[in-house]
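J.: The task is to assemble the complex, starting from two chains supplied on their own in separate frames and drawing on the hints.
As given, the protein sequences belong to chains A and B, one line each in that order. Residues in the first sequence are numbered from 4 upward in steps of one, following my numbering. Residues in the second sequence are numbered from -9 upward in steps of one, following my numbering.
Derived from the structure by calculation, the hints contain no laboratory data. Careful: at least some of the hints might be erroneous.
With the C-beta cut set under 7 Å, the calculated list includes, among others, these residues of chain B facing chain A [what the hints assert, rightly or not]:
1) L30
2) V32
3) L36
4) A41
5) V44
6) V47
7) R75
8) G91
9) T94
10) L102
11) T109
12) V110
13) V120
14) L135
15) L138
16) G145
Keep in mind the model is a prediction, meaning the values are calculated, not measured. All residues carry an ideal CB built from backbone N, CA and C; glycine is no exception.
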Amino acid sequence: MIHLVGPYLLASALVGLGVAGVAVRRNAVLVLVGVELMLSGGLVLLVTTQAAGADRWAAGSVLPLFTITIAAAEVVVALAVVLAVFRRRGSIDLDEPSPAETTAEVGP
Amino acid sequence: MTALDTAFAASAVLAVLGGLFAVTTRHVVHAALWLVVALLGVAGSLLVLGAELVALVLVLVYVGAVVVLVLFALMLTRAPIGPDRAHAVGPWRAVGAALLGLATAGLLASVLVPLADGTVRRSDVATTQVAGQLFGTWVWPFELLSLLLLAALVGALAVARGSRDAAGPEATS
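In isolation and in its complexed conformation, chain B is listed as follows (with noise of 0.2 Å):
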């Protein structure tokens, strides 16, 4: 058990218990709350495994923008200050979606934990040599992304403000 383990396995349980209280809560706010959490611990994590800029990027755009974005949707679609009742499931739903997901995580584990063998050393990649990738070998890639993200912003403001469809194509334009 090493330093890296221990600094590890802080940032996995904090962000297991993150993502454990943002799927239980019953409160809307404190599970998109909850959410930032497990990401935090997710990045700590990262950042364990060496993978800054990764860690950084995540700590920006989830917490900065998915996040953000989830509460102001939160917010548009009215929810309740407090216990969310009127979209409280059943109890056998409830154990019917816990045991889905023990069974996903324990067939994931299943075939994953045979493949650690034992201690590594860290490999470290520098960001330098990371930057070098990007825009070497995965220029092409990368300049799909943001078409990609310019479609996904065209398209979500296309779909939102349409709700002047029912009275006919015309009035949107």
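Looking at chain A on its own, in the form it has when it is part of the complex (with noise of 0.2 Å):
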């Protein structure tokens, strides 16, 4: 026997601290520590369903695996573009004005 209150709170307050973490950060990495916390709170949500019995096709099982498994590909190719644009730009930065908006400013 389990409460399903404690499950939603969870879920609620991990989306809550990722969004916290994306709007508060400044390195591009660290902004990924707050989308992987926003993916975990929907697989928490996901994992109650099943708990709680409403579930068909075990989908309270699959779909959580496949969320980690989009979500690690995705992790992959974002640290792949901030690589890249740290050895274009020498800096991760997101605050930081784009080249091309500073070289408008510059030019005629």
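T.: What follows is the structure, given as structure tokens:
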């Protein structure tokens, strides 16, 4: 026997923490930490539907597996982009204006 | 308050505290390591909810692969040892982000908590049942996932070694 308020509160707290992390970080790699927290909140919610019994085709276990795989693929591509940007600009600061904007300001 | 509720509350507190420190710490490497704590807490709560397979895959893939990748990326982008002063944010932005997170959490909780209709008996889905469904009902999405992973692998490789694009696209071939 388990009360469902706990999983729901945990899922909303994790998503809230993830949103706060994405909003507060300027380091592009650490934005991904917030994204991972948001996704784990979704995982908790999916598994809760299975524990509550409202579940067909074992979707409460299979869909989290898919989510985890997609999240891993997403992190790989995102980190590759971050590394390419770092190599080109020498910085992973998200608040820094892009080179195109600065040259447009200097140019005629 | 049953034993399951107590175990879930312990894991959830671990997850939320780990997530809080991962979001707020100024040490960039510590942020990734606190993410490990948060994900272990999430895995513990999934275990309490009866999804052993998902909890183990979460630990294997997230803690074993994703966090290691994040640590590698932090080192490759010259993360400072000690507090990261170059990327510090102002107090207004911190307050705004905290308010945004609180608003999101409050909105979700206000929608979800009324759905919780008291105590339910935890329904156990056996791993053999999950495997049967995964390779029966869900087999085509499962196969598509392998294509997605292949595309992500090739795409990440192409993006990460495309530094000679400035010289010309023929230089990379």
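J.: Going by Cβ atoms only, is B:L135 closer than 7 Å to chain A?
T.: holds (5 Å)
J.: Just to be careful: measuring from the Cβ of B:V120 to every Cβ in chain A, is the smallest value less than 7 Å?
T.: holds (4 Å)
J.: Return the status of the interface hint for B:A41: holds when the least beta-carbon distance to chain A is below 7 Å, violated otherwise.
T.: With a closest approach of 5 Å, the B:A41 hint holds.
J.: With a cut-off of 7 Å, does the beta carbon of B:V32 approach a beta carbon of chain A closely enough for the hint to hold?
T.: The hint holds - B:V32 has a Cβ within 7 Å of chain A, the shortest such distance being about 5 Å.
J.: Going by Cβ atoms only, is B:V47 closer than 7 Å to chain A?
T.: Holds, because the Cβ-Cβ distance from B:V47 to chain A comes to roughly 6 Å (cut-off 7 Å).
J.: Can you verify the interface hint for B:G91: is its Cβ closer than 7 Å to any Cβ in chain A?
T.: holds (3 Å)
J.: Per the CB criterion, is B:T94 less than 7 Å away from chain A?
T.: Constraint on B:T94 satisfied, holds at 5 Å.
J.: Return the status of the interface hint for B:R75: holds when the least beta-carbon distance to chain A is below 7 Å, violated otherwise.
T.: Violated - the Cβ of B:R75 stays beyond 7 Å from chain A, reaching only about 11 Å at its closest.
J.: Could you check if B:L30 really has its C-beta closer than 7 Å to a C-beta on chain A?
T.: violated (11 Å)
J.: Checking hints one by one. Is B:V44 an interface residue toward chain A, by the C-beta closer than 7 Å rule?
T.: holds (5 Å)
J.: Does the nearest C-beta of chain A fall within a distance shorter than 7 Å of the C-beta of B:L138?
T.: holds (6 Å)
J.: B:V110 was flagged as interface toward chain A. Is the shortest Cβ-Cβ separation under 7 Å?
T.: holds (5 Å)
Of the hints listed earlier, those the structure fails to meet are numbers 1, 7, in rising order.
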